Amino acid sequence: MPVTARPRQRRSARGTRSPGVFPWAVVVVTAAGAAAAVALAPHNARAWVAGTVIVAWVCVVVVAGTASARLGRALRRAESRGEELETTKAHWMRHGAETDQLVTTTLPAVVRQVKSGTGPGEALSGLPTPSDPYLRRLLHVFATEMAESARETAEARSELERTRAEMGQWTAQLDHVTKETLPAAVTLLREGSSAETVLAKLDWPAHPLLRGPGESFVRELAYSERRSAAAQAASAKALSRVQAKIVSMLAELRDLQERHGAEVFGDLLRLDHATSQLGLMTDRLALLMGGRSSRVWNKPIVMESILRGAVGRIAAYRRVRLHNSSKGAIAGFAAEGVMHLLAELMDNAANFSPPIDEVHVYVEERSAGLVVTIEDSGLKMSDAAMRRAEESVSGRTTDLASLQGTRLGLGVVGRLAAKYGISVNYRPSSRGGTGVVVLLPPQLVAQQREPVTVEPPRPSAELPRPAAVAPAAEAVPAAGPGPVVPAGPRAVVPAEVMARTDDPRADDPRADDPRVRSAATPNGLPVRAPGRTMAEAERTRPKAAPERTGREPGAAGPARDAGSRFGAFHRGRQSGSAAVDGASGGVPGGPEAVPGTDE
Amino acid sequence: MTRKPVDIGVPDRLYMVTGGRSEADNSLDLVTLIVSECEPTAGMQSEHTRILDLCRHPTALVEVSAELKLPITVVRILLGDLIDMGKVSARHPRAAGSVAALPETALLQEVLHGLRNL
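In the order they appear, the protein sequences are chains A and B.
The first sequence begins at 135 in our numbering and counts up one residue at a time.
The second sequence begins at 64 in our numbering and counts up one residue at a time.
Calculated directly from the structure, the hints in this document are not laboratory data.
Note that this is a predicted model, so its numbers are computed, not measured.
Some clues are possibly wrong.
Straight-line alpha carbon distances no greater than 27 Å define the calculated DSS-like cross-link-like pairs of lysine-lysine that follow [said to hold, decoys possible]:
1) A:Lys-379 to B:Lys-132
2) A:Lys-335 to A:Lys-371
3) A:Lys-379 to A:Lys-223
4) A:Lys-553 to A:Lys-461
5) B:Lys-150 to A:Lys-461
6) B:Lys-150 to B:Lys-132
7) B:Lys-150 to A:Lys-313
8) A:Lys-371 to A:Lys-249
Only chain A is shown next, with the shape it has when bound in the complex:
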């Protein structure tokens, strides 16, 4: 506005000077012209010209005077308008400056002060107030609103801070519960603690929103743990009864096989096989349920019997070919486990190979232990299947949850392998199928001594016997009751083996005497080792020694069938005839004659 006002002001300033002069200049110029006209006029017309010129000049003067007066008035009006304009301009400029100040200085200052906590009245008092009432009101409204919103902001902020702190606390508690309390609770519950114990033992967050889920979690988990433990225990218990029944059935079947002749023998064998398979299945379930094997052997079992015991439990036992020349034996405590493990692996091999192909089992004796290799010629296992099988036989995961469907056998293998430290490895077989290499570590292997019956006693071998009695007798205290009252089946073997290898006459069956003699009390009463029949203990008494022959083990056990009866009769006759030195050189009686002379 001030900018637009300037050109008009300049024009008006120029106009005020020239219009006042111009009329009077015209008057002067016309007066000069009139005088010239009068002077130049002919003398006789001079008076007329002079009158006309004066009249005309007066007219011009009148016109000029009127024009000058009008011009002066117009000028004066224009001047007053200009002043008015100036005033308005000044007012606007002041107003603009105030607005400018308000926007650039006052409002930021108000904002600053209000934000720093000053009240709106206080903030305004220290600042220049704009003269314009609208601006003043605007400023007031602004300050009040600003103060209000600043207060609200502060409130919201403090609320936020509080919420955030609370949040942090919760997060920490939740973190603690998730990372420490719950795992600890799970561990305790798995160990069999009750839900109440666990809840009391661990520190739970006080807040009900966190505590509630934690408690219900623990209770639910405890319930399900209890249920699974109860189910396992009940299964194991029930299975142990079935196992006992199966063992007694097997014993009875064996009894029947001895008692009955050829006409039912085949049927009995089939029944026997079916029962053995049933035993394998029951044992498998029992082991998975945390139970035990159905049998416990109290003496080392030779490898041949181990393999046969294992093969006999599987359905396709005729397809398994055993290649065993090992004389090694498995310690009694592990024998059943090893048999079960091998049976499962053979069952697997037989099931996953064509029904016309054979499964070959090889036994090697290595310094690392006994190596049993089971090879089938079935389909090659895929890498994934082999990895899965490796995983399940490794025994790393013994959780029931890792079992899949009906494939329980390998899980049992894994458990047994982990229990006895047996390593089981799968590899592709050179026969096209899959091979399993089972390494039985040396602590499971008990070197079986050569059976006494292998070498029938000969008269010449008997000759140094009187000399042998003395060291044998003095070996009694040394050997002590060790072999007789063993701590466990495992302890028997080394003692026996030592007694055997220490004796230079290891070939001589009479060298058995230290053990024989120690099997009786000083008063001559028989001492029965756990698991041995009374008949056996009776036989090993010193009194019975003369009766012992190379074939003595044949007399053990109840003689039920015709053969054993005959054998017992035969022996009785032999000893009777020996008493009267009646050994007539009858072929079977030959060796027995010597003990008779010995007496």
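Position chain B relative to chain A; hints supplied.
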């Protein structure tokens, strides 16, 4: 937990000893004498080894059965295998057909009475 009974037998089942067979060679009599023809070799079934050891001197089938603690049928099957392999030979009792040559029952009874009266 009750203590489990300890097994004292062997884990072998008879069908494993016979390889699943139950039909025996009936030509072998209870008193047939068996003689081994060779020494046992490594890798043989343990029953075969024992029979070969036992029958170095002629031994009756029934005695083999008693010593091995195996039923007669099983021993017959095992011996059948060994005979087939030529590792043992069987001698049938000479007097099997000469039952008529035995003394009269009455005479034997008299002898028995006489013995009792001694």
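Hint-by-hint comparison with the structure:
A threshold of 27 Å between alpha carbons decides the hint, and for Lys-379 (chain A) with Lys-132 (chain B) the separation of about 24 Å falls inside it, so the pair holds. Restraint check for Lys-335 (chain A) and Lys-371 (chain A): the C-alpha separation of about 32 Å exceeds 27 Å, so the hint is violated. A C-alpha spacing of about 123 Å is found between Lys-379 (chain A) and Lys-223 (chain A), which places the hinted pair above 27 Å, so the restraint is violated. Proposed proximity of Lys-553 (chain A) and Lys-461 (chain A) is supported: the alpha carbons are some 24 Å apart, at most 27 Å.
In summary, the hint linking Lys-150 (chain B) to Lys-461 (chain A) is supported, as the alpha carbons are separated by about 22 Å, within the 27 Å threshold. Taking the CA atoms of Lys-150 (chain B) and Lys-132 (chain B), the gap is about 21 Å. The hint holds against a cut of 27 Å. Annotation: proposed proximity of Lys-150 (chain B) to Lys-313 (chain A) is violated, straight-line Cα distance about 74 Å (limit 27 Å). Taken as a hint, the Lys-371 (chain A) and Lys-249 (chain A) pair is broken in the structure, with Cα atoms around 80 Å apart against an allowance of 27 Å.
In this structure, the earlier hints numbered 2, 3, 7 and 8 are contradicted, and the remaining ones agree with it.
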